[in-house]
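Engineer: Sequence:
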Amino acid sequence: MAGLNVSIAFFFLVVGVCQALRQLSKRLLSPGAYVFLARELAGSLQLCTSCLELRMLVEIGPWGGGFGPDVVLTLLFLLFAVHGASFDGASANPTISLQEFLLLESNLAATAAKLLAQGAGAGMGWAVTKLYWSWELTHFHLIQNLIASECSSSIHTSLHHAAFVEGTCSFLFHLVLLKLRQSHTMYRVPALAATVTFLTYTAGPFTGAFFNPALATATTFHCSGSSLWDYVQVYWLGPLAGMLAALLLYQGNIPRLFQKNLLYSQKNKYKIPKARVVAHMQGYEPHQKRKAEKTNSEPHA
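Residues -20 to -1, 1 to 281 in mature numbering (1 follows the signal peptide of the UniProt record, and there is no 0) are what the sequence shown lists, from first letter to last.
Read the hints as simulated data drawn from the structure, not as lab findings.
Check each hint, because a few of them may be wrong.
Unchecked claim - With a cut-off of at most 25 Å between alpha-carbon atoms, the simulated DMTMM-like pairs for lysine to aspartate or glutamate come out as follows: (1) Lys240 <-> Asp68; (2) Lys240 <-> Glu85; (3) Lys110 <-> Glu39; (4) Lys110 <-> Glu80; (5) Lys6 <-> Glu85; (6) Lys6 <-> Asp68; (7) Lys6 <-> Glu130; (8) Lys159 <-> Glu39; (9) Lys6 <-> Glu116; (10) Lys159 <-> Glu85.
Make the full structure from the sequences, and use the hints.
Structural biologist: Right, here's the structure in full:
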């Protein structure tokens, strides 16, 4: 269990360093630069390094450390709960940033800046984790370094099925995210962490269950076994299609593209009780009659 304790310490270190980076960026940068660049870069760095270390435990832990998937899933839930509480509003996910753009919550320049920061953060996370593994602090990392150059694709099913799996995971995740957008952090964070844990447990054997293009790019695109176009279809187009489907189902439309609601009829949000309408009309008719009589009784010039 010594190797597992080192990994847990690494998780704490990553969160602490990224939190310090966020606090420093708040002081040195303008609010816009922090929100669109530094916050997303720190979130993607934190997410990528944590997920790479956790993926290493998933692959090596059962036979190299003697612990089962229950330990890894517990760590996954706790990590995403910590991420949700410490990200300070960052998404660290390109599909979430695109969703905000389609909901008219972010303009094109801000969305592009977020996507660039997320890609840079994921790339930095991959480089930092590779450097950390090279120190070979545990036998897990020693084994990881031996097999790193021969890593295989995370796609363990047909291409169309893999794209469908990633799209379905993205669809369910974004549906929960949209439903909980206005909820208190105390309820939203554990609910999203539980959703990610469930989706990873269910879809992980097929595709790795990334449903995050930046994270998937840094984690598996360099592995052999699938072409670049295969990876793009599964890990970029699949999650994007799932996000669009979730947004359309939840909103009934995509505000950035068209205003008309395609799925739900537009009804008045505030309904006036029928009895009040009848009383109003009954009081309105005599008033109209009195007004008309008064007008007719006035002398004409």
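Engineer: Look at each hint and say if it fits the structure.
Structural biologist: Against the structure, the hints:
For a cut-off of 25 Å, the pair hint linking Lys240 to Asp68 is broken: about 33 Å separates their Cα positions. The straight-line distance between the Cα atoms of Lys240 and Glu85 is roughly 18 Å, inside the 25 Å bound, and the hint therefore holds. The straight-line distance between the Cα atoms of Lys110 and Glu39 is roughly 16 Å, inside the 25 Å bound, and the hint therefore holds. Distance restraint check for Lys110 and Glu80: the Cα-Cα separation of roughly 32 Å exceeds the 25 Å cut-off, and the hinted pair is therefore not satisfied.
Between the alpha carbons of Lys6 and Glu85 the distance comes to roughly 22 Å, so the proposed pair stays at or under 25 Å and holds. Restraint check for Lys6 and Asp68: the C-alpha separation of about 11 Å stays at or below 25 Å, so the hint holds. A distance of roughly 41 Å separates the Cα atoms of Lys6 and Glu130; the hinted pair therefore is violated under the 25 Å criterion. About 33 Å separates the Cα atoms of Lys159 and Glu39, which puts this hinted pair outside 25 Å; it is violated.
A hinted pair counts as satisfied when its Cα atoms are at most 25 Å apart, and Lys6 with Glu116 does not qualify at roughly 34 Å. Taking the CA atoms of Lys159 and Glu85, the gap is about 16 Å. The hint holds against a cut of 25 Å.
Violated hints, in rising order: 1, 4, 7, 8, 9; the structure is consistent with all others.
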